[in-house]
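Given only the sequences and the hints, what does the whole structure look like? Please build it.
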Amino acid sequence: MMDVGRHPNVELLTFSEVESVTGFVGNFSVTVRKKARYVDPKECNACGDCADVCPQAVPDEYQQGFSSRKAIYLPFPQAVPSSYVLDMKNCLGNNPIACGKCADACEKKCINYDDQDELINIEVGVIIAATGMDVYDPTAYDEYGYTRFENVITSMEFERLICAGGPTGGHFIRPSDQQQPQSIGFIQCVGSRSKDGRGNPYCSNICCMNTVKDTLLLCDHYPGVETKVFYMDIRAFGKGFEDLYVRSREEGVKYIRGIPGEVMENPENQNLFLTVENTTTGKIEKHELDLLVLSQGVIPRQDGDAIKKLLTLSTTSDGFIMESHPKLKPVDAPTKGVFIAGCLESPKDVKDSVTQASAAAARASILLNAGKTKIEAITSKIVPEKCNFCGLCSRVCPYNAILASDKKTRKLPVVISAACAGCGACAAECPQDAVAMNHFTDDQIMAQVEAILARDPYKQLVTFACNWCSYAGGDMAGTSRLQYPTSSRLIRTMCSGRVDEKFVLHAFKLGAPMVLVSGCHFADCHYINAVHWTQKRMDKLWNKIEKLGIRVDRLQLEWISAAEGQKFARVMRTLEEKVKQVSVEEIEHTMKVLREEEEKKEKKG
Amino acid sequence: MAVNVAKAEGLRIGVFVCECGLNIQGTIDCAAVSEYAKTLPDVVAVVQNKYTCADPGQNEIKKAIGEYKLNRVVVASCTPKIHEPTFRECVADAGLNPYLFEMVNIREHVSWVHQSEKDAATEKAKDLVRSGVARARFLEPQIEAVVPVTKAALVIGGGVAGIQAALDLADGGHKVYLVEKEATIGGIMAALDKTYPTMDCSI
Chain R
1 MMDVGRHPNV
11 ELLTFSEVES
21 VTGFVGNFSV
31 TVRKKARYVD
41 PKECNACGDC
51 ADVCPQAVPD
61 EYQQGFSSRK
71 AIYLPFPQAV
81 PSSYVLDMKN
91 CLGNNPIACG
101 KCADACEKKC
111 INYDDQDELI
121 NIEVGVIIAA
131 TGMDVYDPTA
141 YDEYGYTRFE
151 NVITSMEFER
161 LICAGGPTGG
171 HFIRPSDQQQ
181 PQSIGFIQCV
191 GSRSKDGRGN
201 PYCSNICCMN
211 TVKDTLLLCD
221 HYPGVETKVF
231 YMDIRAFGKG
241 FEDLYVRSRE
251 EGVKYIRGIP
261 GEVMENPENQ
271 NLFLTVENTT
281 TGKIEKHELD
291 LLVLSQGVIP
301 RQDGDAIKKL
311 LTLSTTSDGF
321 IMESHPKLKP
331 VDAPTKGVFI
341 AGCLESPKDV
351 KDSVTQASAA
361 AARASILLNA
371 GKTKIEAITS
381 KIVPEKCNFC
391 GLCSRVCPYN
401 AILASDKKTR
411 KLPVVISAAC
421 AGCGACAAEC
431 PQDAVAMNHF
441 TDDQIMAQVE
451 AILARDPYKQ
461 LVTFACNWCS
471 YAGGDMAGTS
481 RLQYPTSSRL
491 IRTMCSGRVD
501 EKFVLHAFKL
511 GAPMVLVSGC
521 HFADCHYINA
531 VHWTQKRMDK
541 LWNKIEKLGI
551 RVDRLQLEWI
561 SAAEGQKFAR
571 VMRTLEEKVK
581 QVSVEEIEHT
591 MKVLREEEEK
601 KEKKG
Chain U
1 MAVNVAKAEG
11 LRIGVFVCEC
21 GLNIQGTIDC
31 AAVSEYAKTL
41 PDVVAVVQNK
51 YTCADPGQNE
61 IKKAIGEYKL
71 NRVVVASCTP
81 KIHEPTFREC
91 VADAGLNPYL
101 FEMVNIREHV
111 SWVHQSEKDA
121 ATEKAKDLVR
131 SGVARARFLE
141 PQIEAVVPVT
151 KAALVIGGGV
161 AGIQAALDLA
171 DGGHKVYLVE
181 KEATIGGIMA
191 ALDKTYPTMD
201 CSI
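Keeping their order, the protein sequence lines are chains R and U.
So for the first sequence, our numbering puts the first residue at 1; every next one is plus one.
So for the second sequence, our numbering puts the first residue at 1; every next one is plus one.
Hints in this document: simulated from the structure, not taken from any laboratory.
Just so we're clear, the structure is a prediction, and the values are computed from it rather than from any experiment.
Here a beta-carbon is modelled for each residue, glycine too, at the ideal position from N, C-alpha and C.
Each hint should be verified, as a subset may be incorrect.
What the hints assert, rightly or not - Computed far set for chain U versus chain R, every beta-carbon distance over 12 Å:
# : residue
1 : V44
2 : V47
3 : G132
4 : E144
What the hints assert, rightly or not - Think about it this way: if two alpha-carbon atoms lie no more than 27 Å apart in a straight line, the pair counts; the simulated BS3-like pairs of lysine-lysine are:
# : chain 1 : residue 1 : chain 2 : residue 2
5 : R       : K509      : R       : K372
6 : U       : K81       : R       : K308
7 : R       : K578      : U       : K151
8 : U       : K181      : R       : K567
9 : R       : K327      : U       : K118
As structure tokens, this is what we get:
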């Protein structure tokens with residue numbers, strides 16, 4: 001912490017938030033709001049005279065509310081920068097007539113009640129997002145009595161109570177009587193691996209080892225104290241972890257496999273009782289404890305939406321930020337030039353956070369050291385003469401890479417090529433064909449559709465496959481030598497979001513019995529959320545063909561990942577059966593309907 | 001909607017059919033596919049190779065580009081996931097824009113998955129080559145633009161990850177802006193007493 005504070009290359013902007021990010025890889029313009037701190041951090045020498053005279057005491061967040069701080073305070077002794085900050089919400093008023101004691105007490109005169117937020121602009125080439133996590137609030141698990149019983153605490157509260165820098169100076173006491181507890185229990189997985197909706201379904205990764213660590217601290221500080229851990233599995237998978245776990249057991253900590261159903265309190269001495277089914281012995285056990293620690297899980301940052309929007313990040317189903325590729329690009333964000341590190345990506349411990357941070361820094365250094373970067377050639381472009389300024393392309397773009405048009409001033413939309421990743425959703429959505437997709441143009445794809453249906457069209461399963469998942473799923477079927485019928489004819493697009501309605505209708509018009517559109521599963525989409533547009537467009541298209549009297553079953557949508565060779569082969573087998581069921585009469589009727597539809601349109605147009 | 005007739009005058013397409021040893025040739029009649037490719041519009045050269053990706057195969061492509069003045073190249077072989085970069089570089093070496101190259105997958109998507117249906121697999125390969133050539137007729141050169149990178153980094157979040165990332169970049173000589181929402185850096189880590197597995201102090 002100190003190193004970063006005094007590093008000549010680091011400009012530290014604390015009490016600050018990123019307000020806007022524009023631009024693209026290598027060329028980001030960022031606005032940062034430096035919030036009013038009311039204390040000049042350059043002048044403040046953290047003498048503490050201000051806090052001594054401040055009459056306002058509020059619970060100290062850093063100490064989990066176990067002690068109080070003043071309205072003007074140093075967050076904790078080792079804070080960087082080592083400067084006080086004035087919490088204006090709790091200050092008696094920035095009108096010095098109301099109080100003003102701190103300003104009077106400050107010899108260096110570094111307190112300014114009229115301090116204002118300041119907006120600063122910075123230009124950067126790369127961005128690393130490391131916005132962290134929040135901890136799970138165990139209130140929902142009312143059976144553990146966290147809000148009802150004083151001696152039920154969370155693992156974060158435990159940290160402060162055992163810490164020499166904590167509210168008790170490291171004397172581990174329980175809240176109800178300030179006495180040292182003789183028997184301490186830990187309940188694991190509070191808010192993690194939960195299927196009942198009160199917690200999260202995922203494993204929070206760090207809580208097992210954190211509890212093992214806590215038990216060892218107790219053994220070390222208070223030999224003879226009875227410690228019990230109630231768990232479902234102990235996941236001690238990392239380097240050196242199993243050793244710690246074994247040490248904890250050897251020190252006498254009792255590990256009981258079973259999660260207690262309910263915690264009760266003895267109202268006389270505030271001791272806690274719990275009943276648990278020990279699943280190792282199959283017996284119901286009762287335990288009396290002086291103190292109970294809830295090993296709370298990790299959750300995504302609750303205020304993370306703003307940063308997600310600013311950097312066009314997306315999340316996996318657990319709410320953590322999605323990486324560009326889970327194995328091969330684990331610290332790259334889908335937006336080029338943006339990297340991720342730490343718990344915003346998934347729950348992780350200090351070592352993994354540091355590892356990931358160094359990886360992100362190394363990945364970012366590649367761009368910084370090179371001083372230049374090649375940008376994707378497969379990008380979209382606006383066809384000015386066709387645009388009617390509707391603005392749809394800008395709204396569709398998952399990367400905010402298209403500056404919006406303006407109908408009133410007839411301002412054309414502008415594609416920022418460097419920010420465009422090339423999914424083609426804009427080109428597929430534009431009703432005017434006013435967006436062209438380089439290297440995956442309408443002409444190119446329509447030519448493929450026609451070529452495929454130039455021979456035996458009534459037998460061909462026209463298949464659109466996205467480059468990253470479905471096409472690769474087909475490759476996986478191949479490398480696994482999974483055999484399937486020969487009817488499929490693949491047309492590759494970068495993203496299923498590129499598949500224009502007219503490609504599908506054209507295929508039907510030329511006699512295709514069936515069309516398959518395939519793409520990545522929602523969570524795997526390589527273009528943030530472009531695949532959502534595939535889904536929406538397909539829904540619309542199903543409606544449309546139904547109205548035209550075409551059986552909706554003849555247009556299929558499948559999500560097939562790169563690893564799902566088996567699924568790819570299975571889909572091909574299933575659809576082959578469906579292809580066989582489409583009669584020549586049905587196909588020819590469809591062709592006639594679509595030809596007539598086209599003629600109608602041409603007359604109108 | 002009718003497809004426009006290829007705009008470019010003088011399209012000269014070369015098709016290269018790869019046997020991939022027996023990986024493709026074992027199922028598909030590559031000679032028949034090659035013969036068929038010759039009948040496709042604007043195709044002026046067809047070459048059949050044992051391994052198109054190997055140096056002799058690549059040299060055939062380069063030679064044909066010069067000899068037949070090819071301005072589009074179609075390779076029917078394996079998945080573009082493996083050798084699209086190889087062939088793009090190959091055609092670029094011979095002076096063609098790498099985006100004037102098109103790949104047709106007749107291995108993963110045909111020969112390996114229809115091993116017992118040789119005739120139907122050969123017909124499918126022909127259809128896919130026809131599709132590839134049709135696409136190639138509309139290919140246009142693309143430029144991968146180069147943009148400068150501002151030599152500074154923004155790190156958002158001053159917890160342990162943000163601190164480490166900022167320090168690494170700064171130690172590497174780069175200017176770093178570290179933005180932290182709270183009044184101090186440290187994040188959750190600073191609220192911990194000791195950290196596993198070393199059991200040392202968190203701050």
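How the hints compare with the structure:
no.: 1; hint: V44; verdict: holds, 18 Å
no.: 2; hint: V47; verdict: holds, 21 Å
no.: 3; hint: G132; verdict: violated, 8 Å
no.: 4; hint: E144; verdict: violated, 5 Å
no.: 5; hint: R:K509 with R:K372; verdict: violated, 47 Å
no.: 6; hint: U:K81 with R:K308; verdict: violated, 31 Å
no.: 7; hint: R:K578 with U:K151; verdict: violated, 57 Å
no.: 8; hint: U:K181 with R:K567; verdict: violated, 46 Å
no.: 9; hint: R:K327 with U:K118; verdict: violated, 37 Å
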